[in-house]
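J.: Chains as they are written, first to last, in my numbering: chain A, 10 to 182; chain B, 750 to 1545.
It is possible that some hints are incorrect.
Covered stretches of chain A (chain B as the covering partner; in silico rule of three or more C-beta atoms under 8 Å from a C-beta of chain B) [as the list claims (entries may be wrong)]:
hint, stretch
1, 26 to 40
2, 71 to 79
3, 92 to 100
4, 134 to 146
5, 151 to 158
Note that these hints are calculated values from the structure, not bench results.
Where is the CB? At the ideal position from N, CA and C, for every residue including glycine.
Below are the chains, spelled out letter by letter.
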Amino acid sequence: MAEPALKDTDMKDSGLFDIVLVVNGTSYALAVPARRLLSDCLRHDLRLTGTHVGCEHGVCGACTVLIDGVAVRSCLMLAVSADNSSITTVEGLAGRDGKLSPVQQAFADCHGLQCGFCTPGFLTTITAALAEDPDPTPEQAREIIGGNLCRCTGYQNIVQAVLRAAELITQTR
Amino acid sequence: MFGEPVKRVEDDRLLRGQGAYLDDLGHDALAAAFVRSPHAHARITGIDVSAAVDVPGLIAIYTYEDLTGRVAEPLPMLIPHPALTAPRTGFPLAADEVNYAGEPVVMVVAEDRYLAEDAAQAIVVDYEQLPAVVGIDAARAARHLVHPDVPGNIAAELVQSHGDAHAAISAAPHTLELDLSIERSASTPLEGRGVLARWDTESGRLRIWTSTQTSTGVRAAVAAKLELDLAGVDVITPDVGGGFGVKIVHPWPEEVLVPWAARLLGRPVKYTEDRAEHFVASAHERGQRHLVRVGFDDEGRVLGLDVRFWHDNGAYIPYGLIVPIITSTQLLGPYKPGAYRVEFTSLYTNTVIVTPYRGAGRPQGAFVMERTMDAIAASLRLDRTVVRERNFITPEEMPYDHGLIFQDGRPLVYDSGDYPAALAMLKALIEWDSFPARQAEARAQGRRLGIGLACYVEGTGVGPYEGAHVVVETSGKVKVATGLTSQGQGHQTVFAQIVADELGVPLGDVAVTTGDTRAFGYAVGTFASRAAVMSGSAVALAARATREKALRIAAAALEAAPADLEIVDGAVRVKGDPASAIGLGTVAVLANPLRYAFDEAARAATQFAAGSSDPQAPPVPAGESPGLEGREFFSPVRSTFASGMHAAIVETDPDTAEIKILRYCVVHDCGTLINPRIVAGQIHGGVAQGIGGALYERLAYDEAGQLRNASFMDFLMPYVSEMPQEIEIDHLQTPSPLNPLGIKGAGEAGVIPGAALFASAISDAEGFAITAMPISPSDLFELRQRDQPAQDTDSR
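So that you can see chain A by itself, here it is in the shape it has in the complex:
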């Protein structure tokens, strides 16, 4: 979040603000109301519906995206505050060749998802954490996912997936 948020004076007559979001490497110019949530902007303006909204109050983590590499809950951020940021959503995690990222692959290997609704938030959260420390202990793996809710899996296989992803990352280095 390098740039400061837009000021009131940037508002156009339409009541909209011009912003630029770079999402998964593509630059989008948008005009949005000040109150538009980043999660709604991604989902409904850009139709990147992989980012899910589970609680709208920042507790469940399903809406987590990476903003300049940092995991952020997009339901707690206004789209205008993300102006000029580089955003990675779940759609941007796989390689350009379509290959699943290590974290995605680990979820498939470990049965780390059931209904899949919370999954994008886990994937982005874990991706950011492993970028910082690619070799977590099992205890650290639990801490990494400690702020995300899943109602299906009981977390057992998600913890395994974190460790498996770390293995895959190490192997590819």
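Assemble chain B onto chain A, guided by the hints.
T.: Relative to the frame of chain A, chain B by itself:
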């Protein structure tokens, strides 16, 4: 494939963010929002929409007065029962009275959700508040009534008995009485409810996408409400972000109103429930209070059991008596109760409706029965496992008839199970016999450890039926459709496993569609751990029929007897002769005699092709139909009974009363396993919800009927930090004789023994009986004060 831990075919799409959940659809749709009652009980005295009409983007505002035809009638009473003498269901929009905080009063449709919320906020509803009835005690006291024409707030009373329990208890050498209660929780899927409807003006057809557990149920209900032909309504269940029971209810007010408005406006309309709404406008479960009298002999054998309980059904009762009926029958678990009598009263309260949540009345039943077993053990100073063992139904006694009527209206007859074997496995897994030494050792260090166990039996795979269609396309790819819906269970994978085996094709060639009435129009739904049993069996039967047809057609082409053929890797061949193989795609071509060749392969099925059919016989033989396909239904005589036992070791903090789970062990019997990886995942998730229900989750209503913790900040669902390091699982496989695959349901099992298990383990750690769940550290601290006010000092 069957029985192997195959990786899920659903995952690739979901991992890429390419899932399509309800709110991911309909970007062109108008948005609906609702004005909901802020009061638990009130009369509506006026609705003023004048401030809302100028809100930009507003399309329409609807109140009860605007509803037309059958939409203005109460929502359907889904499961009638003779004992349900005072059934009440709500209106899609409140008519003149609201009966719970959250009940929809006004519907707003606008260009987008933000604008719809703006308009909703500008609408003023005047209420005359009425006294709220909250909780079982207030409902029983009936100083105030939820519905003025329902005396005593009593929706239903039901008695079932087998033998003379009162006489058996009177004559028993020992008797005990227990007063047990369990509070409200809720399914709480990460995705709330949602519905999108498109009315096609030109064709007069309605298409609905809804986040449901029954697309055929919604189709029938909405068609009835909107007075449309069933054939004119399609219901499609997209990816569903969890259900756990709550999404079996239908039609929700919104599921009627959104299609109704879409037809009226001639434009697509979508409603996506938000989290706050989900807490106050969907459904809850679990709230019950039980009084138990039990008579038993010197060995701890139960001679008579009398259970009287009260069930809080909330403001309305659209789903009937299913939850208390399940509690009253499944309470018995793996035990022979001697004589049994159960009587329940289902009570109205001014709270959100109560409908099945994973486990569906069984967690309460298991809690009651297992607390009773523990109480018997304590009073006779017997090991808790010994008392259970002495009361078990033995494998030799199967099938075992309890002499009661189950939730499907059929006799409660257990089909199979081996409870003594399961208990032996569980004791070995958790090292039951060596625990007292470990407990004493910890105690010497000032640590409080406790061990507990809890058993359950779960009737799964209830009828009436499910069906499936299997078709082999001319490409050789196999398309499978079944009508029930998926909410993350992995049905696409396990049904494909079944078809791959039955038909002899690679797993990757099989694609499964669920919950789409266009693909399969006859179905019941996904609940009661029935999908694998019901649709799994139907899919197997349809695949077998397809296989037989393939063999008949190939036999004619190969000039061999069908019995001499086999299907290997997607090709039919004479047994042991790979050179004779004809791909199933080619068989599919031959299965459909053609006039017109649509591609090269299709030429073989046209009328002038060499070796085409016998000119003296009809091209489609009598009794056959075109196409390489099979369509079959499975309808078992009654439910199949899965079972299991959980054990846990907990540590309670002597000062803070914090409850920590040191070990969690599961022995699980769901008959033959289709996919052990998926079954383990189901158990993990169930256990997490069981832990939540036992230690964290409660819906805290105040006396005025306001839900005080309607957010994820305050309603505490387990994060990973609340889960044990490991859930240790051992599988026992006692096949069911009631279906072609020997399977039993697995979806709900994990959650059922949670409250019973932790009550048992915490009681063991603390030395006094836990009689109410869930239990928080504060609750436990207060219980300690009550039990032994001076205990603090000697524990340090």
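J.: For each hint, tell me whether it holds in the structure or not.
T.: Results for each hint:
no.	hint	result
1	26 to 40	violated (count 0)
2	71 to 79	violated (count 1)
3	92 to 100	holds (count 3)
4	134 to 146	violated (count 0)
5	151 to 158	holds (count 6)
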